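2 protein chains.
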Amino acid sequence: MLNVAILGFGVVGSGVYEVINMNKEKLSDRIGEPISVKKILDLRTFPGTPYESIVTSDMNEILSDPEISVVVECMGGSHPAYDYSMASLKAGKSVVTSNKEVVANFGSELLAEARKNGVKYLFEASVGGGIPLIHPLCECLSINNVEQIAGILNGTTNYILTRMLNEGLPFDEVLAEAQRLGYAEKNPTADVDGIDAARKICILSDIAYGKEVSVSEIRAEGIRNITSRDVEDAHKIGCKIKLLGYSRPDGDGIYCLVAPFFVPVENIISQADDVFNCVLVTGNAVGDVAFYGRGAGKLPTAAAIVSDITEAVLSSSCKLLWTKNNNKDYVRDPETLPGRLYVRFASDNASFITDTVSCEASVISEKDGKVSVVTGITTEKELKKSLCILEEKGIKAESLIRLL
Amino acid sequence: MLNVAILGFGVVGSGVYEVINMNKEKLSDRIGEPISVKKILDLRTFPGTPYESIVTSDMNEILSDPEISVVVECMGGSHPAYDYSMASLKAGKSVVTSNKEVVANFGSELLAEARKNGVKYLFEASVGGGIPLIHPLCECLSINNVEQIAGILNGTTNYILTRMLNEGLPFDEVLAEAQRLGYAEKNPTADVDGIDAARKICILSDIAYGKEVSVSEIRAEGIRNITSRDVEDAHKIGCKIKLLGYSRPDGDGIYCLVAPFFVPVENIISQADDVFNCVLVTGNAVGDVAFYGRGAGKLPTAAAIVSDITEAVLSSSCKLLWTKNNNKDYVRDPETLPGRLYVRFASDNASFITDTVSCEASVISEKDGKVSVVTGITTEKELKKSLCILEEKGIKAESLIRLL
Numbered sequence: 010m011l012n013v014a015i016l017g018f019g020v021v022g023s024g025v026y027e028v029i030n031m032n033k034e035k036l037s038d039r040i041g042e043p044i045s046v047k048k049i050l051d052l053r054t055f056p057g058t059p060y061e062s063i064v065t066s067d068m069n070e071i072l073s074d075p076e077i078s079v080v081v082e083c084m085g086g087s088h089p090a091y092d093y094s095m096a097s098l099k100a101g102k103s104v105v106t107s108n109k110e111v112v113a114n115f116g117s118e119l120l121a122e123a124r125k126n127g128v129k130y131l132f133e134a135s136v137g138g139g140i141p142l143i144h145p146l147c148e149c150l151s152i153n154n155v156e157q158i159a160g161i162l163n164g165t166t167n168y169i170l171t172r173m174l175n176e177g178l179p180f181d182e183v184l185a186e187a188q189r190l191g192y193a194e195k196n197p198t199a200d201v202d203g204i205d206a207a208r209k210i211c212i213l214s215d216i217a218y219g220k221e222v223s224v225s226e227i228r229a230e231g232i233r234n235i236t237s238r239d240v241e242d243a244h245k246i247g248c249k250i251k252l253l254g255y256s257r258p259d260g261d262g263i264y265c266l267v268a269p270f271f272v273p274v275e276n277i278i279s280q281a282d283d284v285f286n287c288v289l290v291t292g293n294a295v296g297d298v299a300f301y302g303r304g305a306g307k308l309p310t311a312a313a314i315v316s317d318i319t320e321a322v323l324s325s326s327c328k329l330l331w332t333k334n335n336n337k338d339y340v341r342d343p344e345t346l347p348g349r350l351y352v353r354f355a356s357d358n359a360s361f362i363t364d365t366v367s368c369e370a371s372v373i374s375e376k377d378g379k380v381s382v383v384t385g386i387t388t389e390k391e392l393k394k395s396l397c398i399l400e401e402k403g404i405k406a407e408s409l410i411r412l413l
Numbered sequence: 010m011l012n013v014a015i016l017g018f019g020v021v022g023s024g025v026y027e028v029i030n031m032n033k034e035k036l037s038d039r040i041g042e043p044i045s046v047k048k049i050l051d052l053r054t055f056p057g058t059p060y061e062s063i064v065t066s067d068m069n070e071i072l073s074d075p076e077i078s079v080v081v082e083c084m085g086g087s088h089p090a091y092d093y094s095m096a097s098l099k100a101g102k103s104v105v106t107s108n109k110e111v112v113a114n115f116g117s118e119l120l121a122e123a124r125k126n127g128v129k130y131l132f133e134a135s136v137g138g139g140i141p142l143i144h145p146l147c148e149c150l151s152i153n154n155v156e157q158i159a160g161i162l163n164g165t166t167n168y169i170l171t172r173m174l175n176e177g178l179p180f181d182e183v184l185a186e187a188q189r190l191g192y193a194e195k196n197p198t199a200d201v202d203g204i205d206a207a208r209k210i211c212i213l214s215d216i217a218y219g220k221e222v223s224v225s226e227i228r229a230e231g232i233r234n235i236t237s238r239d240v241e242d243a244h245k246i247g248c249k250i251k252l253l254g255y256s257r258p259d260g261d262g263i264y265c266l267v268a269p270f271f272v273p274v275e276n277i278i279s280q281a282d283d284v285f286n287c288v289l290v291t292g293n294a295v296g297d298v299a300f301y302g303r304g305a306g307k308l309p310t311a312a313a314i315v316s317d318i319t320e321a322v323l324s325s326s327c328k329l330l331w332t333k334n335n336n337k338d339y340v341r342d343p344e345t346l347p348g349r350l351y352v353r354f355a356s357d358n359a360s361f362i363t364d365t366v367s368c369e370a371s372v373i374s375e376k377d378g379k380v381s382v383v384t385g386i387t388t389e390k391e392l393k394k395s396l397c398i399l400e401e402k403g404i405k406a407e408s409l410i411r412l413l
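Here the protein sequences come in this chain order: A and B. In this text, residue positions in the first sequence follow this note's numbering: the first is 10, and each later residue adds one. In this text, residue positions in the second sequence follow this note's numbering: the first is 10, and each later residue adds one.
Just so you know, not all the hints are guaranteed correct.
Because identical chains share one entry, a pair is satisfied inside a single copy or across any pair of copies.
[What the hints assert, rightly or not] Think about it this way: if two alpha-carbon atoms lie no more than 25 angstroms apart in a straight line, the pair counts; the simulated SDA-like pairs of lysine to any residue are:
1. 245 <-> 171
2. 99 <-> 126
3. 99 <-> 322
4. 402 <-> 185
5. 245 <-> 273
6. 245 <-> 275
7. 35 <-> 339
8. 245 <-> 176
9. 405 <-> 257
10. 33 <-> 339
11. 393 <-> 407
12. 220 <-> 293
Since the hints were derived computationally from the structure, they do not count as laboratory data. This structure is a prediction, so every number in the text was calculated from the model and none was measured.
Chain A with its partners taken away, still in its complex shape (with noise of 0.2 angstroms):
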């Protein structure tokens, strides 16, 4: 008999009980034994539910159970969840989770408690919720030199900009909506301002490249400033606006920033739509390959944090690991980033614009009063410099988003 322990029975918690049971078979067969859920830890007691026994608020209960041998940690935020982790990591016990912000702010470490202890601590279902992704990453794409990863990491974030696109709705009113349906949160901070996507673009880079990255080195624009005109414009061009999570080595460091991109429509990724998430990573023996699915959502999650249970209990060699990474330049600034970059200024002085434009900008669109233009392939930085000239002149770019 396997015996877990889930943390935290919420939305994601209960999830991962319903798919043990409804799954029974399919598991008992995958790992060559029964499994069962031992203990739940949570403050709630859930009174006439078939659980109500196994429901305890003691952590300690659980840590000094011998038979427990996987802990499930579904309890979201850095703490108590790191401390529960370790503690359980320290007693011997694998660790399963879901939260990225642990993940994030933590990996290297918890990892390296893991290693020590000859258990594991996985996180698969930490980034694109069910999507079979850090596994496929870490395994499969493993011997390949991860030369970009693109991806749209937040559902709540492509849904809004999906009927941004579909409806011509502007962002407050589609962000009301969303908020009032659910998809998006009273406090919509995490994903709106890009916080969620950054932790998870982070996770990923530390797998692909070797080295922590940690949310705070990285930029994160979000997509609260996107205006009916960007969606429009990049339309226009046949492009679709999404907010992506993005890096790629330089050199001895990386690229990592989440931003808001025009994605052309031949490209996989513009085709998520809603809340959908798709992660293109290219390596430089395979080229490109592509994830889609639910990037959140409570049984999508749960299959992923279950289909860890069976890793954790089956696989010998604990695969993830990533140092800690020493060099403060590791991350280069994005406004060296190489690329094309969309802007568009309040002037229609078109020709005036294109002329002070160091990279060869080409217009495309002209109305009320606002100039749009796409540059030739340059960095933000050098961009900047032309901005400035232009700025002085009175003329002032509104939005700048880069092309992928």
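With chain A held as given, fit chain B onto it using these hints.
Frame of chain A; chain B shown alone:
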């Protein structure tokens, strides 16, 4: 030192050699020791190349070399590929292959032999080229009951269908062009008649449902009969025509077939164009997840093989396994698969047609003396009763395509 032998030094075999040398450091990091190609089996001698000295035409040199622990089979065809694979497994060597014909025909035997000898038989590269597909299916998604697999599994036919749609060209013309460009073989049967896709959907079904399905048991329709009118009608109702491998469980059996389908443009599969592959797997917990990338090509295929080489060495438990299927009715008659169908009639008598078809057909186009309809949910078997009645009245169906 991990020593491998490569059987067959064509496109894929030489790609494996290239990837091993290209990503040497990444590889030795992963497996904890350097990797080296010790022998290449080929009838050619490759004079003047850096690998000339390791080429042999004698399989026994490889079988009797105790230092070679992994054999990479890239020969193609059933024989001697199967025989050499079996001999390698019996000699205690793991075998990695991209040979879908051997896996589809002899997979259960080879997997059983590998297990008996404590080695591995791995074939990630046999379906979807470099796309991580088989490992995610048999690991990450394995705790799900798979409810459906639908995928574009053949790049050549997808290229042809994409060109037919985008350029409005007829099948024969695009095929001739694809042959000129080297995208299609001179003898295009395996691709355009769905045989290649059939092997692949059999392999995926073997893994997903645990019982071996042989290519001879399933119906494979190709794309030879797809006309511009089919493509146009599909477009009219928001679909693209894609050649899909399709399977789903049905009680104690499965449906499993290869056929052109109308795929709604909202479905991510429809967005995989040209030579790209895309496979959508629906699990009862995880929901829909899709895998996308180049389904063929030297380096992508080689990347999957090299990844399997590391799997062969690293992972202790051989999780791939399925059993022979002894139930003649395990694979269901595709004529009984419920769904909606597109039918085009060589007649302009729309009202008589819709009155006669028993399953709520709606007309989608009427022109050039032809009527196209889409039925409600029915089965081919049911529909064919109506088609018989119509044929007696001189109204022949000239096209019949499933909707996904």
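Tested hints:
1. 245 <-> 171: For residue 245 and residue 171, both the intra-copy (16 angstroms) and inter-copy (23 angstroms) Cα distances are at most 25 angstroms.
2. 99 <-> 126: within (7 angstroms within a copy, 36 angstroms between copies)
3. 99 <-> 322: Within one copy, since 17 angstroms is at most 25 angstroms while 29 angstroms is not.
4. 402 <-> 185: neither (38 angstroms within a copy, 59 angstroms between copies)
5. 245 <-> 273: both (11 angstroms within a copy, 24 angstroms between copies)
6. 245 <-> 275: both (14 angstroms within a copy, 21 angstroms between copies)
7. 35 <-> 339: between (44 angstroms within a copy, 19 angstroms between copies)
8. 245 <-> 176: Both. Shortest intra-copy (16 angstroms) and inter-copy (22 angstroms) distances satisfy the 25 angstroms Cα cut-off.
9. 405 <-> 257: Close neither inside one copy (31 angstroms) nor across copies (57 angstroms); limit 25 angstroms.
10. 33 <-> 339: between (45 angstroms within a copy, 23 angstroms between copies)
11. 393 <-> 407: Cα proximity of residue 393 and residue 407: one copy only (13 angstroms, versus 62 angstroms across).
12. 220 <-> 293: within (19 angstroms within a copy, 35 angstroms between copies)
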